[in-house]
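Chain residues, written in single-letter form:
Protein chains: 2
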Amino acid sequence: MLAIDDDRILADLRTLAGFGKLGTGVDRTSFTEADMAARQWLCGRMAEAGLEAAIDGVGNVYGRTAGVRAAVLLGSHTDSVPGGGWLDGALGVIYGVEIARACRLARASATIGVDVVSFADEEGTFLPLLGSRSFCGELSDEELTGARNSAGAALSKRLADLGLGARPPARLDPSRYRAYLEAHIEQGPRLVSEGIDIGVVTGIVGVRRYRVAFRGRADHAGTTPMAMRRDAAFALFNFAVRLAERFRAAAGPDSVWNFGVVTVKPGAGNVVPSEAELVVEFRDQHEATIRRFEQELHAVEHEFDGAQGVSVAKNLIGSLPPAMMDADLRETLAAAADELAASRIAMPSGAGHDAMILARHIPSAMLFVPSVGGRSHDISEDTSEIDIRRGAHVFARAVELLLARFERQRGPNS
Amino acid sequence: MLAIDDDRILADLRTLAGFGKLGTGVDRTSFTEADMAARQWLCGRMAEAGLEAAIDGVGNVYGRTAGVRAAVLLGSHTDSVPGGGWLDGALGVIYGVEIARACRLARASATIGVDVVSFADEEGTFLPLLGSRSFCGELSDEELTGARNSAGAALSKRLADLGLGARPPARLDPSRYRAYLEAHIEQGPRLVSEGIDIGVVTGIVGVRRYRVAFRGRADHAGTTPMAMRRDAAFALFNFAVRLAERFRAAAGPDSVWNFGVVTVKPGAGNVVPSEAELVVEFRDQHEATIRRFEQELHAVEHEFDGAQGVSVAKNLIGSLPPAMMDADLRETLAAAADELAASRIAMPSGAGHDAMILARHIPSAMLFVPSVGGRSHDISEDTSEIDIRRGAHVFARAVELLLARFERQRGPNS
Numbered sequence: 001m002l003a004i005d006d007d008r009i010l011a012d013l014r015t016l017a018g019f020g021k022l023g024t025g026v027d028r029t030s031f032t033e034a035d036m037a038a039r040q041w042l043c044g045r046m047a048e049a050g051l052e053a054a055i056d057g058v059g060n061v062y063g064r065t066a067g068v069r070a071a072v073l074l075g076s077h078t079d080s081v082p083g084g085g086w087l088d089g090a091l092g093v094i095y096g097v098e099i100a101r102a103c104r105l106a107r108a109s110a111t112i113g114v115d116v117v118s119f120a121d122e123e124g125t126f127l128p129l130l131g132s133r134s135f136c137g138e139l140s141d142e143e144l145t146g147a148r149n150s151a152g153a154a155l156s157k158r159l160a161d162l163g164l165g166a167r168p169p170a171r172l173d174p175s176r177y178r179a180y181l182e183a184h185i186e187q188g189p190r191l192v193s194e195g196i197d198i199g200v201v202t203g204i205v206g207v208r209r210y211r212v213a214f215r216g217r218a219d220h221a222g223t224t225p226m227a228m229r230r231d232a233a234f235a236l237f238n239f240a241v242r243l244a245e246r247f248r249a250a251a252g253p254d255s256v257w258n259f260g261v262v263t264v265k266p267g268a269g270n271v272v273p274s275e276a277e278l279v280v281e282f283r284d285q286h287e288a289t290i291r292r293f294e295q296e297l298h299a300v301e302h303e304f305d306g307a308q309g310v311s312v313a314k315n316l317i318g319s320l321p322p323a324m325m326d327a328d329l330r331e332t333l334a335a336a337a338d339e340l341a342a343s344r345i346a347m348p349s350g351a352g353h354d355a356m357i358l359a360r361h362i363p364s365a366m367l368f369v370p371s372v373g374g375r376s377h378d379i380s381e382d383t384s385e386i387d388i389r390r391g392a393h394v395f396a397r398a399v400e401l402l403l404a405r406f407e408r409q410r411g412p413n414s
Numbered sequence: 001m002l003a004i005d006d007d008r009i010l011a012d013l014r015t016l017a018g019f020g021k022l023g024t025g026v027d028r029t030s031f032t033e034a035d036m037a038a039r040q041w042l043c044g045r046m047a048e049a050g051l052e053a054a055i056d057g058v059g060n061v062y063g064r065t066a067g068v069r070a071a072v073l074l075g076s077h078t079d080s081v082p083g084g085g086w087l088d089g090a091l092g093v094i095y096g097v098e099i100a101r102a103c104r105l106a107r108a109s110a111t112i113g114v115d116v117v118s119f120a121d122e123e124g125t126f127l128p129l130l131g132s133r134s135f136c137g138e139l140s141d142e143e144l145t146g147a148r149n150s151a152g153a154a155l156s157k158r159l160a161d162l163g164l165g166a167r168p169p170a171r172l173d174p175s176r177y178r179a180y181l182e183a184h185i186e187q188g189p190r191l192v193s194e195g196i197d198i199g200v201v202t203g204i205v206g207v208r209r210y211r212v213a214f215r216g217r218a219d220h221a222g223t224t225p226m227a228m229r230r231d232a233a234f235a236l237f238n239f240a241v242r243l244a245e246r247f248r249a250a251a252g253p254d255s256v257w258n259f260g261v262v263t264v265k266p267g268a269g270n271v272v273p274s275e276a277e278l279v280v281e282f283r284d285q286h287e288a289t290i291r292r293f294e295q296e297l298h299a300v301e302h303e304f305d306g307a308q309g310v311s312v313a314k315n316l317i318g319s320l321p322p323a324m325m326d327a328d329l330r331e332t333l334a335a336a337a338d339e340l341a342a343s344r345i346a347m348p349s350g351a352g353h354d355a356m357i358l359a360r361h362i363p364s365a366m367l368f369v370p371s372v373g374g375r376s377h378d379i380s381e382d383t384s385e386i387d388i389r390r391g392a393h394v395f396a397r398a399v400e401l402l403l404a405r406f407e408r409q410r411g412p413n414s
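Going line by line, the protein sequences match chains A and B. Here the working numbering is used: the first residue of the first sequence is 1, the next is one more, and so on. Here the working numbering is used: the first residue of the second sequence is 1, the next is one more, and so on.
Be aware that one or more of the hints could be misleading.
The list treats identical chains as one, so a pair stands whether inside a single copy or across any two.
Keeping only pairs whose Cα atoms sit at most 30 Å apart, straight-line, the calculated DSSO-like set for lysine-lysine is [as the list claims (entries may be wrong)]:
1. LYS157 - LYS265
2. LYS21 - LYS265
3. LYS21 - LYS157
4. LYS314 - LYS21
5. LYS265 - LYS314
6. LYS157 - LYS314
It is worth saying that the hints were derived from the structure and are not from the lab. Here the structure is a predicted model, which means the values were calculated and not measured.
Only chain A is shown next, with the shape it has when bound in the complex:
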């Protein structure tokens, strides 16, 4: 069994959490001083673990095992949301560095090695999944040039100021990589509430986001009889209740939806609302289910448009397809958990991850460890030490099983 040092993993995670420390969490949004200092430190840790490490033109920290003809790529990200948690992303990167170190020591003559990557700006301060999209060649020059953060600062200028702009971006070499594996905190309550150690991710859900606009008419709420009103907000309330009914009927076992943004204008107690807006988001790992949700939304829009003098119009504002995880890799993660007597469930990831980009190019899979209280994107995010250690051993064992299998598959002539 691969000899990883889970004390070093915890120590490295704690050191990493010192960059941008904010209470029990971190504020390490992309390309801030704290984020770049963390990347420099990480680059040093990779080198110290025996990898050839460098920061590429978009900020990816990329460490490669020298002298091998193929590799398994392990990774995640080290940037955070504003006021985020210490493990979101960081966990998978530090697992990767420790496993790469252990593999290099244990398997010095191997022809298949372990590479590690920390992708830039997974959280989308400038551009969501920037690093993995760049790495996979999915990022156009226009997107890169046009990207700005919420304060209006240009990504290209920030990269130039950091001295990264002139460096070439690292690119995925499909002939080198057999698999991409990402360990991550669950960011939800399922493992914790069911008392399960490990989540083997079946797929990363697809997302659709629509803005639904309601247009009525502003009227004096004292002098306008109820029957003569064109109340945009009340139409929205009824619409949301009706849509949720139909979503419940159309849902698969893991479907989720959210009505997270609601605005009502003009927003005075004595004025009938003339305008209202609702952001409707839904997610499922099956594209067919997402299409059912879209049909339901369309039907309810049609049902409500024009009723009580209120027009209803929806507008697609975001779309990500589902990404299925590789079946063989999932089996390997499950087998490793079983060997180490860790309980496990198969579950979709409701959040997006770099693995959703990688999965379009090479076989990919993810492992989840429990999130205390299901919390994430907050400084209260945490995972117990025992779960961090257990997850590392399961993940390391899975990598070991994979490397052994890939070595066998290459055969004596390769």
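Mind docking chain B on chain A? Use the hints.
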């Protein structure tokens, strides 16, 4: 029949609309330069009409007929909301000045006269119904001292700067006044949509306003299963739909309600809403109906509080009791309309007016003329010339009938 000059009424209304002119409307919020210039001009018009006129310590413009032992008070207000209409308030004041002039000429030896008032800050730039509340002795020194506008400016300083602070406020003399009559635009669509000339106001509705707060928990909308959510916004939607159902069942023929303010936090497409707020307002001219609405609100609050992990708590933020209009005065207004072959309906006022304050002290009544499209509190507010003229003649005839009746009631010995 009292000889009023409706051309002069229109001319005066157009002159008054020149103060703070904004497109087809006016911006004449209380104690601005435009508002004070309008008051000075109005004071002059009252004097020219033969009244003893002055501006009092809170900005009321008050014109009295000299040499009479009793009077009928006619009035309304000349301040506006920001970007308001040219007739809201102004109509009733200018009707009053013209009727006072005509009465003085026609009834020089009468013992009962006509007084006119333009109350300050009816629209509540600093303090709603400031002028009429001050006039009726309903305003405490604390309220007057503490009042500020939305920009934080203190009313007391503004009054001092305008040289009004040292003047005594005019006070209602109950021994002088037999009645208060206020003409006003309807500010709603009923007269226009039913093709009716005159509204005889039965009462000014009472208003209750509640803030209802929903508290749930913020969660990642991708990773949190539907059954584990505590969604404050979805609770609000269901609450509003349910409450409206119960309000419909509890409503009288003229009850109205409005859910005009809706806020949802944190307000992101991918975060389950943790907090939501709804402002619930309802109005009726009968206190018993208002109490039924309060009971329904309380019942629905109780039904929803704690359901799906969301707490619900309501908080009273505004309350005005209904004000019934005097039955004899209403009959006189109706009789005047009938004499002049103006069609009429009895209807409540859904908006507040100075008459709701006066009605607590002396017999009071209101007459409405149609509002084009039901519009008000907007520069698009308007009333057709023919309706302005017709309203003036009906209102003048009603005053004439009242004066004659009061003279008879006083008898030869008084």
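Problem - Hints that the structure is at odds with (numbers, increasing) - result: Going through the list in order, the structure violates hints 1, 4, 6 and respects the others.
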